[in-house]
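Chains as they are written, first to last, in my numbering: chain U, 1 to 246; chain P, 1 to 349.
FYI, nobody ran anything at the bench for these hints, they're computed from the structure.
A portion of the hints provided could be inaccurate.
[To be verified] Quick list of the computed label-pair ranges, beta carbon to beta carbon:
# : chain 1 : residue 1 : chain 2 : residue 2 : range
1 : P       : 69        : U       : 209       : 43 to 49 Å
2 : U       : 218       : P       : 312       : 35 to 41 Å
3 : U       : 225       : P       : 325       : 42 to 48 Å
4 : P       : 284       : U       : 72        : 21 to 27 Å
5 : P       : 88        : U       : 41        : 25 to 31 Å
6 : P       : 134       : U       : 17        : 41 to 47 Å
[Stated by the list, open to error] Going by beta-carbon spacing under 10 Å, a handful of chain U positions derived as facing chain P:
#  : residue
7  : 45
8  : 47
9  : 59
10 : 60
11 : 64
12 : 82
13 : 84
14 : 86
15 : 87
16 : 127
17 : 168
18 : 170
19 : 172
20 : 176
Here a beta-carbon is modelled for each residue, glycine too, at the ideal position from N, C-alpha and C.
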Amino acid sequence: MSEELSFTLDGRRVPFQDGQTIMTAALAAGFYIPHLCFNPEFTPHGSCRVCLVKINGRMQASCTTPAAAGQTVLSEIEEVREMRRGILQMLFVEGNHVCPACEKSGACQLQAVAYYAGMLAPHYTHFYPRRPVDASHPDALIDFNRCILCELCVRASRDVDGKNVFAVQGRGIKAHLVVNTPSGKLGATDFNITDKAAQVCPTGTILRKHSGYEIPIGQRLYDRKPINVVGDVAALAVSKGGRRHD
Amino acid sequence: MQDFADLVFEGMTVCGRVIGARQGFVYLRGEYRYLVDALKATLQSRREAGLLGEAILGDPSFSFDIDLHIGAGAYVCGEESALIESLEGKHGVPRIRPPFPTTHGYLNKPTVVNNVETFASAAKIAVQGGEWFASRGTAESKGTKLLSLSGDCERPGIYEYPFGVTVRQVLEDCGARDAQGIQMAGPAGHMISAKLFDRRICFEDLATGGSFMVFDHRRDILDGIRNFAHFFVHESCGFCTPCRVGTSLLRDLVDKVHTGHGTRADLEEMRKLGQIMRVGSHCGLGQTAPNPVLDSLDQFPEAYERRLRSTAFEPAFDMNAALEQARWLTGRTDPAAYLDEEALVGAMP
Ligand code: SF4
Ligand code: SF4
Ligand code: FES
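Same shape as in the complex, but just chain U:
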């Protein structure tokens, strides 16, 4: 048998196959690395930078860096955690995130990753952008205040649903999510609540109407257990029979 390819993540051996990234290999082996714009079902995007790890001494995004034999990857060291917290804090102050008033609280990846990373406060000065809510669609609501520009909905709508409902417009800090219609309203599109794009938002931006708080806050997915245990890593790790890192 040929020698198995592997690298180490915080000292633990992670096997991988050619073509895998640090992120996909780690998840497949049951090891969690925080991520937001990465979703195992989509090609990596590399924009949120929450998945930064130290690879052979250099900080790099684990979702876009190909795994290579013998790499030394460090994720849970203070230097990386501090960087990660800083980036999460940036995401929080860029939008308007009022967790106690958000339907997604407890099931929100942004919130769950922030808890996991030990972020206690937003630290930076809030931008308080003005972003109107779009309630024009009969079954879905978009609260742009919570958008982190991960473009998962953009990718899902374009690549899975074949509809191209969403896009990002503007540059720099003015970059923002738009709905691809002249009116900019979701109600004017063929968006459907069963679309993939309606299921992928890691925050409380794209919400389902008519069914709020079915599971009470406090009993939701990430309320019960941290994201490194119950997030997408769990689904994958179980299917591969891998170990979880907690």
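Once you have looked at the hints, place chain P with the ligands on chain U.
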């Protein structure tokens, strides 16, 4: 491109020959639109001379042509993969690398991306040989470097030097008598103070993209830094978090110090923020955007310090101004409706 476009096209053609390419592009920033007619004329005369197009110099196995592409002037399109995206008609957002342009570039084909200076040198090397080129410069940096000198000097312009020339020599030649600092290689480059003027320009010492912005002693360095900080807010493409948000946060901190509201804690914050941008950003723009601030904090600490307040901390917003609406609503104008700011700040932990 104004004076030596033909040489650049020659270099591109040499490159096309070496790598077996049929198509080259000149990506021209929108600001240089005025060059278009002249460049097109140069290309046309090369075609007529049999130096571009089908069967160059009669060799049926060698066909190569060059098109002009005009960008909209986004700074990030200087990053090679963003440039290629823009060339393909998309948003100028840097790609994930690897794969690199050498294997997956324009339309996912192998692509060489170089600046005009490199192509011009390649053309000269093709004619005069590597020995000739290597006869100038230093051990590790062969040849010459074009420097674009601007700012507080008597003779601004483009100068060509062998690698290894000292900063001081360059300053003397362009008549910069009173320089206190230089921003090298543009806003994303490095800011150096007089302490470093004896360093040499070459890869093994002070590497530079080529631009030299001279600040003399009449200038307030922080004015310049503030401009750069605002520049990057404008030029960030907005794709990744550290650059999209970090550039704005950094600008606000620089503004806070610039207007005399900064404290020592803010300087520390700038360093931390700059570090996150430097190591966390997706492309070179975000990675280098904090350079002017980080460099000047080290090289010109006094530019910041003389503006600091003596308190350890000051809020990022003006409390009195924040109360304006409440005063207006309640119709109060009496002195007690205004906060004593000094007392307030003193009471902060
Ligand atoms: S709406 Fe949600 S999925 Fe779409 S870009 Fe914003 S955060 Fe990402
Ligand atoms: S570093 Fe800045 S310019 Fe580069 S991808 Fe990120 S946001 Fe865009
Ligand atoms: S998860 Fe890797 S950059 Fe977002």
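Results for each hint:
Residue 69/P and residue 209/U have their C-beta atoms about 46 Å apart, which keeps the hinted 43 to 49 Å range intact. One distance hint, 35 to 41 Å for the beta-carbon pair residue 218/U and residue 312/P, holds here, with the actual separation near 39 Å. At about 44 Å, the beta-carbon gap between residue 225/U and residue 325/P stays in the expected band of 42 to 48 Å. Hint check: residue 284/P to residue 72/U, Cβ distance near 25 Å, so the stated range 21 to 27 Å holds.
Range check, residue 88/P to residue 41/U: Cβ separation about 26 Å, and the 25 to 31 Å hint holds. In this structure, residue 134/P and residue 17/U meet the distance hint of 41 to 47 Å, their C-beta atoms being roughly 45 Å apart. Hint status for residue 45/U: holds, given a least beta-carbon distance of 8 Å to chain P, under 10 Å. Because the smallest distance between the Cβ of residue 47/U and any Cβ of chain P comes to about 5 Å, under 10 Å, the interface hint for this residue holds.
Proximity of residue 59/U to chain P holds as hinted, the smallest CB-CB distance being about 4 Å (cut-off 10 Å). For residue 60/U, the interface hint holds, since its Cβ comes within 10 Å of a Cβ in chain P; the closest pair sits about 9 Å apart. About 5 Å separates the beta-carbon of residue 64/U from the nearest beta-carbon of chain P, less than 10 Å, and the hint is met. For the restraint placing residue 82/U at the interface with chain P, the shortest Cβ-Cβ distance is roughly 8 Å, inside the 10 Å limit, so the hint holds.
The closest approach between the C-beta of residue 84/U and any C-beta of chain P is roughly 9 Å, which is under the 10 Å cut-off, so the hint is satisfied. Below 10 Å, beta-carbon pairs count as interface contacts, and residue 86/U has one with chain P at about 4 Å; its hint therefore holds. The interface hint given for residue 87/U is met, as the beta carbon of that residue sits about 5 Å from the closest beta carbon of chain P, less than 10 Å. Hint on residue 127/U holds. Least Cβ distance to chain P is approximately 7 Å, under the 10 Å limit.
Contact between residue 168/U and chain P, as hinted, is supported at the beta carbon level, the nearest pair being about 8 Å apart and thus within 10 Å. Taking 10 Å as the C-beta contact cut-off toward chain P, the hint placing residue 170/U at the interface holds, the least distance being around 7 Å. Restraint check, residue 172/U versus chain P: the minimum CB separation of about 4 Å is within 10 Å; hint holds. For residue 176/U, the interface hint holds, the least distance from its beta-carbon to any beta-carbon of chain P being 9 Å, beneath 10 Å.
Hint check: no violations occur; every hint is consistent with the structure.
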